[in-house]
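Going down the list, the protein sequences come from chains A and B.
Just so you know, we're using the UniProt record's numbering here: the first sequence kicks off at 1 and counts up by one.
Just so you know, we're using the UniProt record's numbering here: the second sequence kicks off at 1 and counts up by one.
Honestly, the hints are just simulated from the structure, not real lab data.
Note that CB positions come from ideal geometry on N, CA and C, so glycine has one too.
Any given hint could be a false lead.
To be verified - Computed Cβ-Cβ distance ranges for the label pairs, DEER-style: (1) A/P30 to B/G38: 29 to 39 Å; (2) B/R53 to A/G94: 46 to 56 Å; (3) A/M163 to B/Q280: 46 to 56 Å; (4) A/Y44 to B/E518: 26 to 36 Å; (5) A/E144 to B/K98: 57 to 67 Å; (6) A/M163 to B/E498: 41 to 51 Å; (7) A/P30 to B/P357: 50 to 60 Å; (8) B/R53 to A/W104: 50 to 60 Å; (9) A/Y44 to B/A269: 52 to 62 Å.
What the hints assert, rightly or not - Some chain B residues judged to face chain A by a derived CB distance under 8 Å, without partners named: (10) E31; (11) C42; (12) A43; (13) I49; (14) V198; (15) P200; (16) S202; (17) F208; (18) V633; (19) Y636; (20) P639.
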Amino acid sequence: MSKYIVTHDVNSCIGCRACEVHCKEKNDSPPGANYCKIITVGPYERQGIPRFDFVYMSCFHCEKPWCVDACPTGAMQRREKDGIVFVDQGSCVGCKACIAACPWGVPQWNADTGKVSKCDLCKDRIDEGLRPACVSKCVTGCLEFTTPSEASESRRQHFAEQMLRVQG
Amino acid sequence: MKKSVYSLCGMCAVRCPLRAEVEGDEVTWLEGNPHILGGALCAKGSAGIARYRDDERPHGPLIREGERGEGRWRQVSWDEAITYVTDKLKAIQKKYGKESVMVTSRGGPFQNQYKTFCHAIGSPNYTNHDCTCGRNTHHASKSLYGLGRKGLAYDYKNARHLVLFGRNILTSLKVAEASAVVEMLRRGGKITAVDVRVTPTSGKANRFFLVRPGTDYALALGMVNEMLKQKAYDQKFIKKYVKDFSKLQSFVKPYTAAWAAKECGVDAATIKAFVTDIKQDMPRVIFHPGWNLARYKDSFYVSRMLHIMNILMGNIEVEGGQFFPKSPADCGKKGLRNVDCPKPDIERADGCGSTYPHLDKGPGLEHLLLPPMKTGKPYPIKALISNRHDLMASLPDKEQLLDYLNHCELLVSMDALWGEFTWYCDVVLPESTFLERSNQLVTQKGLKPRFAIRQQAVSPRYDTKPSWEIYKMLADKMGVGEYFPYETIEDYWNWQLEPTGYSIEDFQEKGFVELTDEPVWYDRDKLDGKFKTPSGKIEIISKMLEDAGIESLKPYEPPQAPEKGTFRLVYGRPAWLAHNQSTNNPILSQLTPGNRNNIWINREVAESLGIRNGDWVEVKSAGEYGGPLQAFVTEYIHPEAVYTDHGFGKEVPVQSRAYNKGVSDAKLMTGLLDVWDRAGGAVALCESFVTLSPCEPPADA
Numbered sequence: 001m002s003k004y005i006v007t008h009d010v011n012s013c014i015g016c017r018a019c020e021v022h023c024k025e026k027n028d029s030p031p032g033a034n035y036c037k038i039i040t041v042g043p044y045e046r047q048g049i050p051r052f053d054f055v056y057m058s059c060f061h062c063e064k065p066w067c068v069d070a071c072p073t074g075a076m077q078r079r080e081k082d083g084i085v086f087v088d089q090g091s092c093v094g095c096k097a098c099i100a101a102c103p104w105g106v107p108q109w110n111a112d113t114g115k116v117s118k119c120d121l122c123k124d125r126i127d128e129g130l131r132p133a134c135v136s137k138c139v140t141g142c143l144e145f146t147t148p149s150e151a152s153e154s155r156r157q158h159f160a161e162q163m164l165r166v167q168g
Numbered sequence: 001m002k003k004s005v006y007s008l009c010g011m012c013a014v015r016c017p018l019r020a021e022v023e024g025d026e027v028t029w030l031e032g033n034p035h036i037l038g039g040a041l042c043a044k045g046s047a048g049i050a051r052y053r054d055d056e057r058p059h060g061p062l063i064r065e066g067e068r069g070e071g072r073w074r075q076v077s078w079d080e081a082i083t084y085v086t087d088k089l090k091a092i093q094k095k096y097g098k099e100s101v102m103v104t105s106r107g108g109p110f111q112n113q114y115k116t117f118c119h120a121i122g123s124p125n126y127t128n129h130d131c132t133c134g135r136n137t138h139h140a141s142k143s144l145y146g147l148g149r150k151g152l153a154y155d156y157k158n159a160r161h162l163v164l165f166g167r168n169i170l171t172s173l174k175v176a177e178a179s180a181v182v183e184m185l186r187r188g189g190k191i192t193a194v195d196v197r198v199t200p201t202s203g204k205a206n207r208f209f210l211v212r213p214g215t216d217y218a219l220a221l222g223m224v225n226e227m228l229k230q231k232a233y234d235q236k237f238i239k240k241y242v243k244d245f246s247k248l249q250s251f252v253k254p255y256t257a258a259w260a261a262k263e264c265g266v267d268a269a270t271i272k273a274f275v276t277d278i279k280q281d282m283p284r285v286i287f288h289p290g291w292n293l294a295r296y297k298d299s300f301y302v303s304r305m306l307h308i309m310n311i312l313m314g315n316i317e318v319e320g321g322q323f324f325p326k327s328p329a330d331c332g333k334k335g336l337r338n339v340d341c342p343k344p345d346i347e348r349a350d351g352c353g354s355t356y357p358h359l360d361k362g363p364g365l366e367h368l369l370l371p372p373m374k375t376g377k378p379y380p381i382k383a384l385i386s387n388r389h390d391l392m393a394s395l396p397d398k399e400q401l402l403d404y405l406n407h408c409e410l411l412v413s414m415d416a417l418w419g420e421f422t423w424y425c426d427v428v429l430p431e432s433t434f435l436e437r438s439n440q441l442v443t444q445k446g447l448k449p450r451f452a453i454r455q456q457a458v459s460p461r462y463d464t465k466p467s468w469e470i471y472k473m474l475a476d477k478m479g480v481g482e483y484f485p486y487e488t489i490e491d492y493w494n495w496q497l498e499p500t501g502y503s504i505e506d507f508q509e510k511g512f513v514e515l516t517d518e519p520v521w522y523d524r525d526k527l528d529g530k531f532k533t534p535s536g537k538i539e540i541i542s543k544m545l546e547d548a549g550i551e552s553l554k555p556y557e558p559p560q561a562p563e564k565g566t567f568r569l570v571y572g573r574p575a576w577l578a579h580n581q582s583t584n585n586p587i588l589s590q591l592t593p594g595n596r597n598n599i600w601i602n603r604e605v606a607e608s609l610g611i612r613n614g615d616w617v618e619v620k621s622a623g624e625y626g627g628p629l630q631a632f633v634t635e636y637i638h639p640e641a642v643y644t645d646h647g648f649g650k651e652v653p654v655q656s657r658a659y660n661k662g663v664s665d666a667k668l669m670t671g672l673l674d675v676w677d678r679a680g681g682a683v684a685l686c687e688s689f690v691t692l693s694p695c696e697p698p699a700d701a
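Bound-form chain B, shown alone:
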């Protein structure tokens, strides 16, 4: 007997809505929720079944026996593992203070339970992976609108023009977003793409700027200059909602299109033609402000300028532009109740909210919580709990990272999969895969906000548990169980739903509860009060930044040119991989030849080095790390850059499909763990240089 189970995908951070068909205790079919996505699902999503059936993952709680990373484990009961962790936590907190514990995650809609636990046991140091992802975009948005990165969303389908600075939107894809962009193209909408290489997204663009790496800010400034020159902006909108517009006018004066063209290595006439085009298309023009924009030292200012271009378009709360994602309150409904605990009254060890008053103390900055492990300043961090987040794969420079982690007295990983951090840690508390677990209910804001559910489709194949249960057990043993007021997931859901008037039965038909029949738009002429800046206006000169001694409009500084024989390393991903969590998947590992990343090299550069397409090349970092990759030789990458896919070069022996296959871009990024942007907070992952030399193929290739 087949049954439908509605849920949320867990194969990447997007969490697309799903429908699973279940027969007996097996998932036999997985598709995008037909009520939302019409069945559409990406490659990663379909491979979710292979994930839960894969035996190359932790089978039960483990306590390390040998040295860290040696791979000798003792399989223990949940009770023993939880007791071990909580005894250690208590001892560490007694010795170093309650604040010496750090909890981290990949972020996402379930993180309030991790944060609640962290706060409940007395530490303010909850963080997530966002310093390697969206922090710059987030803080840029905050500095202008007073709203975080998710404070505005995009109506792609109805846009006339989508401008993408490095945002590979059709490849680093969210199913609903990618199909909306394709629908926009079908309706005659245009894409202008900016990148250091041609991607499947720029391959659909009407206009493409192949820029010198690290010069996006110059191009953005040149565009703004030209937009002001051609009066390609909404004067009424700016007058009503924008503060210090004149400061922008004087600031961009020197940055002409001709200047930008020279700096970026593009054509000035094309910049001008672009601006003429968007003037026709406004306000239905979207500048994507960046997703993973932890790239260059000035990425924060790139994002800020992209946000500013949206503002010039006056594209807020219009079809084909940006909109405020609406909440249950906008539909006259009560929101879900969520577990929570106030932050302890102790300054964060990363200085967010204190030393750095402009940087959000919500998740803070992960990379700044690592040095205190070694230096003890401002106070020691001695225990780390990570939720489904492989620090070794996401943070740059593993050598430097280990130098910090080795001073930590307890490393705990809660993950459904093996990863290098999990392999290195002291205790593994294995989470069930997303098809084997339920989670707390979540709110998905939008034009039509909804509550959504992830529900367990099949029994866990191994001795694994959902995170809500693991945290409940940890909290009970730490004496803070009252913050997790439930015993079963049904208790949890009912407790969350209590204020809303809905019941869990309301989710069964479609997997979500829609809070409105019609899209909710605000009146564009009455947006006062929607911008949460100190002035209530969109702030070109941000009080938040200026108070922290940081300039709002930063003069352009050219990027460092690579020394002779070195190349700037840039990274991305193909549509079928969500980084290191996909490379050992039984199906996804089949899609890349040899399950190894390759390296894109500009044709002229390759010729000068005697490298032909398909040759093996030793890619070497500035430190010790390096390895062989096959060259993909093309004219469609800037000569200063080489490109590779992220997530390869994993060193977990029990992951037979990915073990030692390819080279890790993160490990090639020597020295970058301590290179970060004071203004935006993120690390700068494209600020490292590698060398290339022809080599023999690896023995197993």
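Chain A with its partners taken away, still in its complex shape:
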């Protein structure tokens, strides 16, 4: 796991897919390549009420990324200082080994360049002290750019507040 994590509060997500467009606009990803994607599940029924659910799928920036291990040219890399996994476009030969290796289908194929590209958490923005595009412009604030320990802290806090509210 990189130093960072993007959390997704499904209850506040409206499935508007703005994050996908913020990402595409920022990273100029070609048609068919989605560095992040909202997967819509539904409508289906839960406890007698129809529901839509939305799952935010991007890169997990693994601590031991299979894609990096699979890459024969060293194009797929893990940034030393914060663990962000990214593709060095100059070294990518388009062998697609990373695509086969990643269990979550994260690396994306760019048919225009014949290379792989993927989410790099907008590392240029992070280096400027900013947040990734998808998070920065999220319509409802359901995406959060944080660290695993902060995410855990805030989730525990939220759970405790909710529990107390339920108990009245």
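Following the hints, complete the assembly by docking chain B onto the known chain A.
Showing chain B alone in chain A's frame:
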């Protein structure tokens, strides 16, 4: 060197506040104004950069060479185009009268300049697209409060209960509104949703009524009946501000919850439980009165009943309810000056304000200005100028529409994009996209009213111009330039700001000027004079309607049941599309598989027709039009309805991403251009029926 340019979005009609980062002459980052929206922006907004970089739009003024719609154009200079248009206008006005010119638009905060031009050249016939959108809601509001649709706004964030009749508020979204509703949910607020299908909004509801299409009025009546029965209303508020409450009581008597439940196909106990709930939550309960409620023949009365339910809640000028959007005057400030010209003393060709005294003559009704093109009655309309408004995509039944337009001698389109109307017209006066143009300053009313600015972020990529400049050129050539007293946008802004004491520098830091530090609320006990009805009260029995021979409380009539093998066509949109203006966008066109709409079909219906999820289905109108769509089979749509997204099936060959992709719902609406509601004024876009049959996929799918 990066610079921030504050502006207003132009990707849909909402016009959210923006901040653009500009390097050199390129926009490198676009976000919601951080001072208002914290950076939040919707999918369409982010694709604004792709819009201005897209070359699939008009590159300069064009005059048609071939037949209408043939797509043969002569690229001309601005001077030639303006001279051509104004010579034609003068000739048409000489032959048919000054009033034979019609100007239309999508509405919005810049329309006074279009209207000013129309009036200045002697025609009262300014209109906009609202007959396919908010007219019913507007007139319903006027009949009760004496105020237009925007005369009241909603404090969603603090509401305890939001009731949505078909209003897909989290999908047909305004950024500030959607995030306020989500914040309401976070704070424990509830949504009750009513729709003919499950949407992402109803997917967040605590209670959902899947109603038979066209029966919203029955459900609203059943709710009001139950509210009166359970005394779920604010008696003090009603006594003080409402006229003819007793007429409402006697009117709704027969419409019990049990009756409504049967009519709508829902559960009566759920209606009763809903009312019990809102009684707990009042006055912080909001009934959304409808946005695009040009749906059914009785949509005006649906909206009226939704407004009435707000009134029963006594939710006016309270937190979590409705409030009067405050103006500069409420903050002790002077308003912006705006271009204006009095309406010529000639009756409108659509009869609004005369034949139909209860229908606003402000923008009138677009669909009623079309028949005079053909019939010459009450007088001929022979020239049409449209501003960023594709009539073919928004009005129903293109065949009928063309039958009218073909009698028009001049069709002019001022649009930044191609659209079917622009492709069909005689002269294209291409407007710059919103990132390439400035506009006049606007007032945004609210609890904290402000003045806001749209400013040009980058140079126009092509030979396009902002509308204020195009109108100035047209007006000068028509001899009415004095109504547009400026040469540059800075002149224009300074002239607007003169009475206010502010200067344009005041907008640079945040993109707006806030007119108050604290939200302005009126005293709820002193609202006398705020309701602009003839009686000064909220009128359950509207004098405006009754004087026009229209009933205020209309008895319920059940909707027409679809004939066997036909289905009522309902439409909407996903969160990433603003109809036809998005479907050819380089990024937004990537989001829908194949860039084609699909069609929702009820599971049991699909099974009976032998249609499986993902199968191709020929969707056919009652006329000639139809085409193949992929079926989305689900139990979460009423069996009488099929649903599709609006804005597809475009037939403009130079729009390579959208050309002939999918099927246009508007073109499937055979016969609906002449079906409209005398009470509310709007057309009824959900009153058409289609047939379905399995088919082969299109060749390019």
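With 46 to 56 Å as the target window, see if A/M163 and B/Q280 comply at their CB atoms.
At roughly 23 Å between Cβ atoms, B/Q280 and A/M163 fall outside 46 to 56 Å, so the hint is violated.
Closer than 8 Å between Cβ atoms is the bar; does B/S202 clear it against chain A? Give me holds or violated.
7 Å, holds
How does the Cβ-Cβ distance of A/Y44 and B/E518 compare with 26 to 36 Å: does it lie in that range?
45 Å, violated
Hint validity - B/V633 Cβ closer than 8 Å to any chain A Cβ
12 Å, violated
Is the hint on B/C42 kept, meaning its closest Cβ partner in chain A is under 8 Å away?
5 Å, holds
C-beta pair A/P30, B/G38: status relative to the range 29 to 39 Å that was hinted:
30 Å, holds
Chain A contact restraint on B/E31 - CB to CB distance below 8 Å:
It holds, given that the least Cβ distance between B/E31 and chain A is near 5 Å, below 8 Å.
May I ask you to test the interface hint for B/V198 with respect to chain A, counting a Cβ-Cβ separation under 8 Å as satisfied?
Constraint on B/V198 satisfied, holds at 4 Å.
Look at the Cβ atoms of A/Y44 and B/A269 and judge whether their distance stays inside 52 to 62 Å.
Since A/Y44 and B/A269 have Cβ atoms about 24 Å apart, the given range 52 to 62 Å is violated.
For the hint on B/Y636, does the least C-beta distance to chain A fall short of 8 Å?
Nearest chain A Cβ about 4 Å off; hint holds.
CB-CB spacing for A/W104 and B/R53 relative to the 50 to 60 Å hint
32 Å, violated
Take the shortest C-beta to C-beta distance between B/P200 and chain A; is it under 8 Å?
5 Å, holds
In summary, the structure is inconsistent with hints 2, 3, 4, 6, 8, 9, 18 and 20 from the numbered list given earlier, while agreeing with the others.
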